[in-house]
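Here the protein sequences come in this chain order: Y and S.
Mapping the first sequence onto numbering that gives the first Met the number 0, position 161 (from 1) lands on 160, and the numbers just tick up by one.
Mapping the second sequence onto numbering that gives the first Met the number 0, position 30 (from 1) lands on 29, and the numbers just tick up by one.
Keep in mind the hints are simulated off the structure, nothing from the lab.
Any given hint might turn out to be false.
What the hints assert, rightly or not - Covered by chain Y, per the in silico footprint, the following chain S stretches (three or more residues, Cβ under 8 Å):
| id | segment |
| --- | --- |
| 1 | 49 to 62 |
| 2 | 87 to 100 |
| 3 | 104 to 113 |
To be verified - Here are the simulated lysine to any residue pairs, SDA-like style, with alpha carbons at most 20 Å apart:
| id | chain 1 | residue 1 | chain 2 | residue 2 |
| --- | --- | --- | --- | --- |
| 4 | Y | Lys88 | S | Ser64 |
| 5 | Y | Lys183 | S | Gly101 |
| 6 | Y | Lys6 | Y | Phe55 |
| 7 | Y | Lys88 | S | Phe114 |
| 8 | Y | Lys88 | S | Leu51 |
| 9 | Y | Lys139 | Y | Asp108 |
| 10 | Y | Lys88 | S | Tyr31 |
| 11 | Y | Lys88 | S | His34 |
| 12 | Y | Lys88 | S | Ile46 |
| 13 | Y | Lys88 | S | Ile73 |
| 14 | Y | Lys88 | S | Tyr45 |
| 15 | Y | Lys88 | S | Gln111 |
Cβ coordinates follow ideal geometry from the N, Cα and C atoms, glycine included.
Listed here are the chains, written in short residue letters.
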Amino acid sequence: MNFSEHKHVVVIYPHPDDESFGTAGTITKFREAGVPVTYLCGTLGEMGRNMGNPFFANRETLPQIRKQELIDACNVLDMNLEMLGYRDKTIEFESRDDLAERFKNYLEDLGATLVITFYPGYAVHPDHNAMGAAAFEAVKRMSLEKRPEVWATAFSNDRIENIGKPNVVIDILDVFDTKLDAIKSHRSQVEGMLNQLLSHSEADNERDAALERFRYEGFYDVNIDEVDY
Amino acid sequence: MDAIKLEDVQSYIDQFAAKPVYVHLETTNGAYASHFNQNAYNVGAYIRNAQLTYHQGKIVEHNGSFRVGLKHDIGWIYAEGLTDYEFSEQGHLLLAGHDNQGRLMVALEISQEPFSY
Ligand SMILES: [Zn+2]
Chain Y
0 MNFSEHKHVV VIYPHPDDES FGTAGTITKF REAGVPVTYL CGTLGEMGRN
50 MGNPFFANRE TLPQIRKQEL IDACNVLDMN LEMLGYRDKT IEFESRDDLA
100 ERFKNYLEDL GATLVITFYP GYAVHPDHNA MGAAAFEAVK RMSLEKRPEV
150 WATAFSNDRI ENIGKPNVVI DILDVFDTKL DAIKSHRSQV EGMLNQLLSH
200 SEADNERDAA LERFRYEGFY DVNIDEVDY
Chain S
0 MDAIKLEDVQ SYIDQFAAKP VYVHLETTNG AYASHFNQNA YNVGAYIRNA
50 QLTYHQGKIV EHNGSFRVGL KHDIGWIYAE GLTDYEFSEQ GHLLLAGHDN
100 QGRLMVALEI SQEPFSY
């Protein structure tokens, strides 16, 4: 994989932390190759139920806490951030048309050559699926010569039987510590999860347990004219 | 937030009685319940900024957690499983129930100003 071939990578996900779990290593590799990366983050995860472990956030303070965590993660990953201002859990009720037009304007203005988003239907959370579908639609609306490549993330339990295995798999071992730093930026969301990873793993420390789980980042390189969404 | 003290919360509930208030009411078992457990079923609901005036409100303890009922002119607001509370600087009464990993399962919040979007 020659990361420097791309001109601008645009990541389109709905929640603070989606970028860190699924894609932080890949983002880091693009940044190390000198490629600008912009994150279009749909919401502030206002309705998340993780409040820290032990909890330190509440429903009303969570948005500002997660906003700062998102900014910190983007600083760790050295990528540009655009917060789109939608509300957690409501993306599927917004107009697909409006979302797609808005995304398309960003992609054209930024000169995106690669879009990384969720694979609609195979990304579990309704916001993930809706955000991915609007991103697919945005790319489809672009003229052929301007269209960026699309890499989609999927993690539903039925993904392999329906869409096979990811055809882009990136080993992020050499940038794993950056990824772990980005994940840990989302303190309200991940403390309990990292503890659980460790308790379910044979590894004897948190870093190794996380490495087992997050070493490979998989994407489906999608031909936008050939997929249903 | 701190563990609910019944008398304190009751006095906050009384402070908001007979005044127009905004209520946030929510329950959830998480967006990933059925992803991690095939037999589980995702359940969640929230109402943000219901406008109402209640004339009578009460908090009741049951086995270490709490229920709240607010009686208004044409119906009720009800929440169970509440464990923690805070009266915030913004004048919000925040009540929530958390599981043993600190995850929110139910929330009931009362304010005289609308909660932020
Ligand atoms: Zn997410």
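Checked hints:
1. Check on the segment 49 to 62 of chain S: 0 of its residues sit with their Cβ under 8 Å from a Cβ of chain Y, so the three-residue criterion for coverage is violated.
2. Counting residues of the segment 87 to 100 of chain S whose beta carbon lies closer than 8 Å to any beta carbon of chain Y gives 7, which reaches the threshold of three, so the coverage claim holds.
3. Only residues whose beta carbon comes within less than 8 Å of a beta carbon in chain Y count, and the segment 104 to 113 of chain S has 3; three or more means the coverage holds.
4. Between Y/Lys88 and S/Ser64 the alpha-carbon distance is near 28 Å, which puts this suggested pair outside the 20 Å criterion.
5. This hinted pair checks out: Y/Lys183 and S/Gly101 have alpha carbons roughly 17 Å apart, not beyond 20 Å.
6. For the hint pairing Y/Lys6 with Y/Phe55, the CA-to-CA distance comes to about 40 Å; that exceeds 20 Å, so the pair is violated.
7. Under the criterion of a C-alpha separation no larger than 20 Å, the hint pairing Y/Lys88 with S/Phe114 is consistent with the structure, at around 17 Å.
8. Distance restraint check for Y/Lys88 and S/Leu51: the Cα-Cα separation of roughly 25 Å exceeds the 20 Å cut-off, and the hinted pair is therefore not satisfied.
9. As the CA atoms of Y/Lys139 and Y/Asp108 are separated by approximately 16 Å, the hinted pair is consistent with the 20 Å bound.
10. Of the pairs offered as hints, the one joining Y/Lys88 and S/Tyr31 holds, with about 13 Å between alpha carbons and a cut-off of 20 Å not exceeded.
11. Taken as a hint, the Y/Lys88 and S/His34 pair is honoured in the structure, with Cα atoms around 16 Å apart against an allowance of 20 Å.
12. Of the supplied pair hints, the one linking Y/Lys88 and S/Ile46 holds, its CA atoms being roughly 13 Å apart against a limit of 20 Å.
13. The hinted pair formed by Y/Lys88 and S/Ile73 fails the criterion: a straight-line CA distance of about 29 Å is larger than 20 Å.
14. Taking the CA atoms of Y/Lys88 and S/Tyr45, the gap is about 10 Å. The hint holds against a cut of 20 Å.
15. About 25 Å separates the Cα atoms of Y/Lys88 and S/Gln111, which puts this hinted pair outside 20 Å; it is violated.
In summary, the structure is inconsistent with hints 1, 4, 6, 8, 13, 15 from the numbered list given earlier, while agreeing with the others.
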